Amino acid sequence: MTLLHCLLTALANLRANKMRSALTMLGVIIGVSAVIIMVSIVEGARAKIVQEFERLGSSLIIVAYDPRKVQEERSTRRLVGLTMDDVRALREQCDLVSGLSAELPVPQEFTLKRYDL
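Residue numbers for the sequence shown follow our numbering, beginning at 8 and rising by one.
Rather than coming from a laboratory, the hints here were simulated on the basis of the structure. All values reported here derive from a predicted model rather than from experimental measurement. Using N, Cα and C, we set each Cβ at its ideal position, and we do this for glycine too. You may find that some hints are simply not true.
[Said to hold, decoys possible] For each label pair, taking beta carbons as the anchor points, the in silico distance ranges come out as:
hint, residue 1, residue 2, range
1, ILE43, GLN100, 50 to 60 Å
2, THR90, ILE43, 25 to 35 Å
3, ARG22, ILE56, 45 to 55 Å
4, ASP102, ARG62, 17 to 27 Å
5, VAL104, GLU59, 47 to 57 Å
6, SER108, GLY34, 47 to 57 Å
7, ARG62, MET91, 23 to 33 Å
8, GLU99, MET45, 46 to 56 Å
9, GLU50, THR9, 42 to 52 Å
Put together the whole structure using the sequences plus the hints.
Quick look at the structure:
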C-alpha cells in the first residue's frame, strides 16, 4: 500500500461515516482544550504564588506570638512581650532593617463565627 492509497482510503471512510468523524473530531477538540485550560490555570496559580514570595523577599523575618499560649503561660510565669517602644528602638538602632511593621492580632472571641444551616 502506498501513501497515496492510504490517504484515499482514509478520506473515503471519513466521507462514508460523517457523524462518527464529526464526533471523533469534537472529542479530540474538547480533550485538547481541557488540557490546555488546566495547564494554563496551574501555571497562572504558580506564577501568582512565586510573585507573592518575591514581593515578600527572602530577607523577611516575622516575629509572632500565639495568644492562646500567652494565656497558658501567664498563669505559670511573668510574660513580657514586645511593646511599641521596642518597635521604635529596633527601627532606630538596627541599620540593616529596611522595614518594620507592628501588628496587633485579633482575639479569637472577636472573629466571625460560621453557622451552617
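A quick look at each hint next to the structure:
1. ILE43 <-> GLN100: 50 to 60 Å: Distance hint for ILE43, GLN100 holds at roughly 55 Å.
2. THR90 <-> ILE43: 25 to 35 Å: Distance hint for THR90, ILE43 is violated at roughly 55 Å.
3. ARG22 <-> ILE56: 45 to 55 Å: holds (50 Å)
4. ASP102 <-> ARG62: 17 to 27 Å: About 23 Å separates the Cβ atoms of ASP102 and ARG62, which means 17 to 27 Å holds.
5. VAL104 <-> GLU59: 47 to 57 Å: violated (22 Å)
6. SER108 <-> GLY34: 47 to 57 Å: Holds: the Cβ-Cβ distance is about 54 Å, inside 47 to 57 Å.
7. ARG62 <-> MET91: 23 to 33 Å: holds (26 Å)
8. GLU99 <-> MET45: 46 to 56 Å: Holds, since GLU99 and MET45 (Cβ atoms, about 52 Å apart) stay within the stated range.
9. GLU50 <-> THR9: 42 to 52 Å: holds (44 Å)
This entry does not satisfy hints 2, 5, going by the numbered hints stated previously.
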